[in-house]
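Asks: Each chain, letter by letter, is given below.
There are 2 protein chains.
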Amino acid sequence: MNVEVIAIGDELLLGQTVNTNAAWLGLELAKVGGSVVRSSVLADSSEAIVSALDNVLKDTDLVVLTGGLGPTKDDLTKKVLTDYFGGELVYQPSVFAHIEDLFKTLGRVPSERNREQAFLPNNATLLHNPVGTAMGMAWDFNGKRYVSLPGVPYEMKHLAAVFILPWVQEKSKFWVQNRTVRTQGVPESELADRISAWEDALPSFVKLAYLPAPGLVKLRLSVRVPKEDAEVVKQVVETQVQALVQLLGAAYFGEGDRALEEVVGDALVIKGQTVATAESCTGGAVGAALTSVPGSSRYFVGGIQAYANTIKTQLLGVDEAALVVHGAVSEVVAKAMASGARKRLGTNWAVATTGVAGPDGGSTEKPVGTVWIAVAGPDGCRAERFQMGKDRGRNIQKSVQAALNMLRQRVVGASQ
Amino acid sequence: MNVEVIAIGDELLLGQTVNTNAAWLGLELAKVGGSVVRSSVLADSSEAIVSALDNVLKDTDLVVLTGGLGPTKDDLTKKVLTDYFGGELVYQPSVFAHIEDLFKTLGRVPSERNREQAFLPNNATLLHNPVGTAMGMAWDFNGKRYVSLPGVPYEMKHLAAVFILPWVQEKSKFWVQNRTVRTQGVPESELADRISAWEDALPSFVKLAYLPAPGLVKLRLSVRVPKEDAEVVKQVVETQVQALVQLLGAAYFGEGDRALEEVVGDALVIKGQTVATAESCTGGAVGAALTSVPGSSRYFVGGIQAYANTIKTQLLGVDEAALVVHGAVSEVVAKAMASGARKRLGTNWAVATTGVAGPDGGSTEKPVGTVWIAVAGPDGCRAERFQMGKDRGRNIQKSVQAALNMLRQRVVGASQ
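Here the protein sequences come in this chain order: A and B. Every letter in the first sequence is one number past the one before it in numbering that gives the first Met the number 0, and letter 190, counting from 1, is 189. Every letter in the second sequence is one number past the one before it in numbering that gives the first Met the number 0, and letter 95, counting from 1, is 94.
Among these hints, one or two may not hold up.
Unchecked claim - What the simulated footprint calls covered on chain A by chain B, stretch by stretch (three residues with Cβ under 8 Å from a Cβ of chain B suffice, anywhere in the stretch; the number is not a length):
id: 1; region: 39-53
id: 2; region: 81-94
id: 3; region: 98-112
id: 4; region: 157-167
id: 5; region: 295-303
id: 6; region: 317-331
id: 7; region: 364-371
What the hints assert, rightly or not - Capping the alpha-carbon separation at 27 Å, the derived lysine-lysine pairs in DSSO-like fashion look like this:
id: 8; chain 1: A; residue 1: K206; chain 2: A; residue 2: K217
id: 9; chain 1: B; residue 1: K170; chain 2: A; residue 2: K156
id: 10; chain 1: A; residue 1: K78; chain 2: B; residue 2: K217
Stated by the list, open to error - Derived list of chain A stretches under chain B, where covered just means 3 residues or more per stretch with a C-beta under 8 Å from a C-beta of chain B:
id: 11; region: 137-149
id: 12; region: 171-177
Since the hints were derived computationally from the structure, they do not count as laboratory data. We put the CB at the ideal spot given by N, CA and C, even for glycine.
Take the sequences, apply the hints, and build the full model.
Replies: See the structure below:
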């Protein structure tokens with residue numbers, strides 16, 4: 000099943016909003032046998048939308064349009080599509096009742112603007128949107144299905160999950176599998192060398208891609224085969240993944256969409272253990288990553304963002320002399336921060352970060368990108384030095400990933 | 000100057016990487032008079048790339064291709080483009096010397112794979128990439144310029160800033176201005192009602208767009224006029240922006256790309272004041288936002304991530320009785336957290352968050368999305384209750400924005 004994704008919105012072309020919807024649709028459609036063959040971004044202009052509809056590729060089965068369904072004046076997708084498919088916009092009292100209900104839960108009353116969202120095409124299947132005021136719409140036209148969804152990501156996802164993905168899965172002739180193996184701490188080209196022999200010996204129907212992100216590289220194995228070959232191919236892929244995981248060693252931390260913070264959280268839950276943070280250069284980002292996971296209160300107790308040296312001494316008990324002699328970015332201080340957090344917050348584990356995130360503050364001995372990370376636990380306190388790059392944001396992201404992976408290895412490896 | 004942006008990479012179609020490059024290019028090109036008329040994403044396939052090159056729109060002046068220049072086997076952009084424009088790949092010793100130098104700064108040695116990156120087209124202008132191993136390339140062909148850049152965002156940005164943006168600015172016949180007014184705390188449709196009369200009276204050459212993000216709505220005014228009208232139009236836009244800011248009141252917090260954490264940081268620097276955080280439901284994300292800004296050590300001292308109630312009492316001095324009587328998510332506790340952090344970290348200001356981020360933990364009285372935020376400062380401690388939605392990630396993001404805006408208003412409004 001070939002799919003074209005069309006995102007509508009000047010804000011996307013102008014770059015003031017990043018098109019995360021296309022990424023999500025690509026990912027989810029692939030899982031059910033849909034293949035996004037083109038993805039494009041158009042202006043909020045009826046001319047651009049009509050031209051894209053006129054030029055949909057011949058062998059496309061499904062066109063998913065996102066955006067331009069909001070209550071404001073620059074949103075014109077609904078009108079353009081209704082005209083294109085020869086329909087008319089008609090007021091739907093039941094939809095307006097739904098909009099009123101939604102507003103009520105927020106303690107608000109819909110405006111005249113929102114009433115316009117209850118005008119809907121008389122020639123489309125309406126896709127009920129329980130989480131927003133813009134309905135989805137579907138048209139079957141010249142052998143293709145066209146679905147228009149709101150651009151707000153969580154509304155789009157909700158409607159796609161109900162009205163698009165099951166339909167694609169049923170219609171698809173292909174079985175598609177994407178398995179993503181996640182690694183931390185090894186750069187892309189080193190990784191490629193390490194797995195080179197394995198990669199060369201992959202069966203031709205297994206495609207491999209390297210997907211780097213700050214501090215992480217994901218390796219994606221993908222297959223797309225006729226549905227009847229699914230079982231055999233599934234087994235082949237499983238064997239390949241197992242061999243790959245062996246080659247990766249400690250750099251491997253998990254599969255699929257699971258982030259390091261989820262993997263660490265699971266390990267802590269299984270052991271019934273707790274963790275605290277002591278963050279200098281990451282300023283709270285390690286705690287934020289850990290607590291982004293629902294249920295993290297089972298293992299995350301809290302932390303100290305010790306940005307200033309006075310906080311390192313007062314709240315974490317770091318020795319003032321150590322700060323003077325070794326500097327804040329040092330093995331001694333990183334370890335003292337982790338041990339201090341573990342003791343003062345009474346947890347099994349604590350992870351500490353201290354580094355020169357940049358752009359200023361570097362020296363010859365400790366250039367920008369120098370980061371010390373320490374993990375204190377029941378089996379002692381160990382630290383590691385990292386040399387990252389020049390970019391502050393990337394250095395912080397990499398530090399978070401490195402800290403989480405060090406914590407993971409220690410928690411998983413610990414005897415109790 | 001019309002620009003087409005083509006991103007190449009299966010990982011983008013599959014959605015495993017979000018196409019932030021297109022967003023950045025849209026934004027930066029617009030600032031210099033370039034207009035992205037189409038943006039698309041293609042597979043790592045020579046067929047797809049050739050077909051896109053064949054179908055570039057007639058009135059496009061510049062085609063920017065990103066991605067597919069890496070050292071791994073799925074990267075084939077360089078080869079396809081070189082063939083398409085009738086050239087050959089030739090080994091360039093000086094480029095390999097540069098690659099060796101880059102590796103040396105990272106304490107590594109290039110592999111055979113990286114040597115392939117020194118093979119470059121003999122019919123293109125090479126665009127030196129000081130921050131990575133993949134060179135950029137430019138071809139002038141049939142009256143259009145084609146530029147191929149690496150897909151790694153900071154490499155792409157570096158090359159675009161040097162080799163594309165100044166060229167577009169010089170060639171463009173139009174003067175383009177985008178002014179983005181940033182607001183926090185007022186939903187899109189309420190905002191639209193509030194500024195409705197102003198919006199209706201806008202001159203026709205000023206386009207307005209609403210760009211919502213969790214906790215924020217950006218209002219973008221854009222104009223695109225012949226270069227000779229720039230001065231007059233600039234003044235008209237300035238007047239409109241001033242009128243808009245008046246209408247927005249406390250919801251307005253700044254212009255352009257400046258995030259709330261930067262605006263707050265500036266206000267603290269000007270007053271020579273400091274801030275601490277006490278974070279429960281945000282888990283460190285407020286501190287992470289504040290410290291994402293270079294130089295934030297001038298005003299951010301540190302904070303306590305008080306996730307468990309025991310940490311709230313032990314490290315922030317929150318009264319145990321208050322936790323029992325009012326619960327952790329309450330005005331009393333939020334204020335005690337802020338006051339405790341201000342006192343214990345010795346800062347002028349402290350901001351505290353406590354809430355039910357979800358998906359679990361809600362009650363009838365305090366459903367998921369209930370968040371209390373408090374700011375303690377030299378002029379006292381005040382708290383506000385927010386009712387957010389059901390989604391954990393969005394609730395955390397909204398809480399961070401609300402906390403930063405409350406802090407901003409207090410710092411800016413304080414008499415000393």
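Asks: Just pull the numbers of the violated hints for me, sorted ascending.
Replies: Hints 2, 4, 6, 7, 9, 11 and 12 contradicted; others consistent.
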